[in-house]
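Undergrad: Spelled out, the chains give:
Protein chains: 2
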Amino acid sequence: MGGYDQTLEPFLWRAETIYPDREVVARTHEGINRYTYAEYADRTRQLANALDGFGIGEGDRVGTFCWNHDRHFETYFGVPNMGAQLHTINPLLPDKHIQHIVEDASDRLIFLDPSLAEKLGSASDPDAFESVEQFVVVGSTVPDVSLEPLTDYESFVSDQSTEYDWPELSEDDMAGMCYTSGTTGKPKGVEYTQQMMWSHTMAMLTPQALGIEDSDVVMPVVPMFHVNAWGMPFTATAAGAKQVFPGPAPEPADLASLIEEEGVTITAGVPTVWLGLLEYMKENEVDLSSLEQIVIGGAAAPKAVIEQYDEFGVDVIHAWGMTETSPVGTVSRLTPALTDAAFDTKVDKWGKQGLIMPGIEFKVVDDDGSEIPHDGEAFGELLVRGPWVTTEYYERPHANETDFDGSWLRTGDIVTVDDDGYIEIVDRAEDVIKSGGEWISSQELENAIMAHEDVSEAAVIGVDHDRWQERPVAMIVVADDVDREMLTDELKTMLQEEYPKWWLPDGFEFIDEIPKTATGKFSKMDLREQYEGKELLEEDAPADAAPEDD
Amino acid sequence: MGGYDQTLEPFLWRAETIYPDREVVARTHEGINRYTYAEYADRTRQLANALDGFGIGEGDRVGTFCWNHDRHFETYFGVPNMGAQLHTINPLLPDKHIQHIVEDASDRLIFLDPSLAEKLGSASDPDAFESVEQFVVVGSTVPDVSLEPLTDYESFVSDQSTEYDWPELSEDDMAGMCYTSGTTGKPKGVEYTQQMMWSHTMAMLTPQALGIEDSDVVMPVVPMFHVNAWGMPFTATAAGAKQVFPGPAPEPADLASLIEEEGVTITAGVPTVWLGLLEYMKENEVDLSSLEQIVIGGAAAPKAVIEQYDEFGVDVIHAWGMTETSPVGTVSRLTPALTDAAFDTKVDKWGKQGLIMPGIEFKVVDDDGSEIPHDGEAFGELLVRGPWVTTEYYERPHANETDFDGSWLRTGDIVTVDDDGYIEIVDRAEDVIKSGGEWISSQELENAIMAHEDVSEAAVIGVDHDRWQERPVAMIVVADDVDREMLTDELKTMLQEEYPKWWLPDGFEFIDEIPKTATGKFSKMDLREQYEGKELLEEDAPADAAPEDD
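Protein chains in written order, with my numbering: chain A, 1 to 550; chain S, 551 to 1100.
For reference, chain A alone in the conformation it holds in the complex:
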């Protein structure tokens, strides 16, 4: 009883059936590749035949180590539709993490870009990649690297038949896999069932998420190794939209020319990409008239970026998600109540993580597990659950005990929810400072301190305190010629005006640099380790620095 299984295959079938002539475009080192959904579908069946011939079958994992292009897109449907599991690997991770990931996933075959072949080769110690029976370079030339056996994609695929009967899969079959970026410890694997990917695709289609139509031209700049480019290639296919893949390491000039020449209407990526395009536009004429929507994720959407694109008639909206949530969970669209709000209010809402998408649920709980009020002030940890939110990690029993609460995923994000329902991240669970039973957002203090023109970088960490459990200490990087004593006084005055007394850091420490993670973010874990046991609190710190005194 019930309906037929939820699988990815109908999305490709629909594009091929209704939109055989709609284009898939990719920027490559050799120029623009351009073909239709009809040809694309043929290629996925050729790929399936090739994998079949190699002995890849249902349940086998196939890795990719590629940028955003048409061949990578061929694996998106070609691999899961035949029942194998597509494992996209992030080449930006440290070599030892990549090696761990491939071993952990037991990938049998890996597709890799020539420009990344050296990176993968260098990750390899003699015993590494034992599970991998074939490396396939996605390019015409095979680089000289110590990966074997090594062949090239066209030899692997192009002689195959374009006929292939996709099997009738179960919605519980594994379709995809990604690893978390592992800011704390080794990356953890998240597996996506056919059902999870079907659900995420349908949800992304809704006007509450991206609302992609067949008339859209969709360009994911977010890498296809970052949780399937936020699922955009699947969603665009389901819609029958034209797709544009910007290829390896696109520069602002490349993005500008693709937007202009292909008529891109929706694009998505991290904030730095869109800052870069704005910079480029200061010196170059760029026609953004086709562009309707930029989706920003991966980091907070800076208000200045939202405002500047608004002047070009482009809506910047923010989407929040995680590897664990397939990945999109919230999108910052405006509700009807905000249609007539002041522009500043709108920018404020667009900049938040946004509204939960239909079909999933969240709750925000404090230390006691009680739900916080939705007043934009109280904060707690965000928990989510739903059809495209994982309920466990791959073979990580310990994380499965700590990172889930029944059916709920503990996101590790500390958030507020305002009375319009918008979620905003104020900290990470491991960074929030617990003082006198209340929480202080380290990120808010950091942002306030970094707003001072003399401050290059700042991180605020919690330091053990006998009475208050933890107290905040600011670690600050400045130029040599800055008067540190005067700066400290100015910062104290500034913070006092904006925050309750018990939020004020009990120490201001000047350091040479703030340690970074592999992806360039502040590593407050490393910072805490470096300064563990050192005396950081000022002796004259107010002994009554607790919420009840405020």
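Please keep in mind that the hints were generated in silico from the structure rather than gathered at the bench.
Please note that a few of the clues may not be correct.
[What the hints assert, rightly or not] With beta-carbon atoms standing in for the labels, derived distance ranges:
id, chain 1, residue 1, chain 2, residue 2, range
1, S, P886, A, D287, 14 to 22 Å
2, A, E377, S, G603, 34 to 42 Å
3, A, G263, S, F604, 57 to 65 Å
4, S, A891, A, S158, 35 to 43 Å
5, A, R410, S, D722, 22 to 30 Å
6, S, G605, A, R410, 31 to 39 Å
[Stated by the list, open to error] Example chain S residues on the side facing chain A (calculated, C-beta under 10 Å, incomplete):
id, residue
7, M551
8, E718
9, E763
10, A788
11, L905
12, Q1019
Computed from a prediction, not measured in an experiment: that's the story for all the values here.
From the three backbone atoms N, C-alpha and C, an ideal C-beta is built for every residue, glycine too.
Fit chain S to the given chain A structure using the hints.
TA: Then chain S, alone, in the frame of chain A:
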């Protein structure tokens, strides 16, 4: 492994969390009822407590026998969210069918409108409705009918607590149930799992279907007993849209006033409703400026209706579905290739059943099971499958053998698919005429014949033929003063111009009236029975009337 179960509860939770003040409006005999999603959600929990107190639990069936109003809407989430199964019963069916349906479903409790109480009462023979332990009249006065025990909705619900912890349900739990209208034999039950209803709701949200946004004001005129008003109340809730329920037996004046006063943007119903509104607008000033979209289903969308609403800036789109498909499967939106097409071409596409929605699949097969070409000419039976398409009927093993082909539902609709992917119904499988190994559409011939000004009604049926298997015969109703011989000659000439020779009816029979089904459609089954064995073929019919001769 996988995500959390797909259930309806998150849709209500989302509306209450993000849109607590958005309105639910209902026209009643006592005037307009108006409350918010926050209040609505409270009412669903009161209802759940009432059902709980009565002893209704997971897996129990609760019937409704109601028009479109807020109380009926309360059962839409109140019943399935607590784990019971909502069985909406069609009051337009013959009494014996209603009795069969309630017995077959073993409904334990039935909510019914006062205006329908007599209808249900009259359906009841002394032994009928044995499974029903309680009738609840949705209204302030309890009518004098032979249904017992009988109470009223407010007494049942209003003293209950507004707190209720919805259980964590499985997506395989049964959430809904509807019966087919049973044009051939007894109505068949279709059960909807939580997953089917979740899937249909998400799919209906997509721009490829209705694309409902939170700023929309949604008014389902299609009755809530017709497969949950095509799922619109669930979809509108998921979107956080305002909802307007037009109440019992709305007249065109009622619809006009609701559209104007509540700012309706999307509405849906059968063609006669929209024809009625057009008639009304000839004599009355109606402001349709808020209205963006009319969704037509249940019967073909007449081109004249599409054209006339287009003049008011209202898009009329056609949606096709069945009880078995939850119900919507196709929607006639325009693809980008048609954006610049001539208006007539657009009207032609809008009037077709439309494009398959993302997430499900169809195929069209001929007698041999081979897929037909998508050329707009060839036709065959439409088969569909997907997450919101049932794979079996409730306790009907025989129908389950004949009406399904593996995972595919045989819709019984004979369709063409044009090269833009639009599906168009040309006949019903039981009505299509099989002549010389090829199929003739009875509906096409009927429409052509009824286009003659002297013809009141016409039905074309297949009559057994020794050589050609079947041959078409036209059964025609005309006024007494029409010259039948001359008309026959004119019709023959007319049809010859438009259709191949082998399509031409071998007989033209003049009859008093065409038998109708309970819902007013031609009953060609009855017609065939009435004329079985009678000599209907003209003696001079061409012996070579077969496709190969054309």
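Undergrad: If a hint holds in the structure, say so; if it doesn't, say that too.
TA: Each hint, compared with the structure:
1. Taking 14 to 22 Å as the suggested C-beta distance range, the pair P886 of chain S and D287 of chain A conforms, at roughly 20 Å.
2. The hinted window of 34 to 42 Å between E377 of chain A and G603 of chain S holds, with their beta carbons roughly 39 Å apart.
3. Separation of G263 of chain A from F604 of chain S is about 60 Å and conforms to the stated range, judged on CB atoms against 57 to 65 Å.
4. Taking 35 to 43 Å as the suggested C-beta distance range, the pair A891 of chain S and S158 of chain A conforms, at roughly 37 Å.
5. Take R410 of chain A and D722 of chain S: their Cβ atoms lie about 27 Å apart, and the range 22 to 30 Å holds.
6. Our hint of 31 to 39 Å for G605 of chain S and R410 of chain A holds, since their Cβ atoms are close to 37 Å apart.
7. With its C-beta approaching chain A no nearer than about 6 Å, M551 of chain S sits inside the 10 Å limit, and its interface hint holds.
8. Interface restraint check: E718 of chain S against chain A, minimum CB-CB distance 7 Å, threshold 10 Å, status holds.
9. Given hint, E763 of chain S at the interface with chain A, holds; its Cβ is 5 Å from that chain's nearest Cβ, closer than 10 Å.
10. Residue-level restraint check for A788 of chain S holds (minimum Cβ-Cβ distance to chain A is 4 Å; threshold 10 Å).
11. Here the hint on L905 of chain S is kept, as its CB sits about 6 Å from the closest CB of chain A, short of 10 Å.
12. For Q1019 of chain S, the suggested interface contact is broken, since its CB lies about 32 Å from the closest CB of chain A, more than 10 Å.
In the structure shown, a violation is registered for the earlier hint numbered 12 alone.
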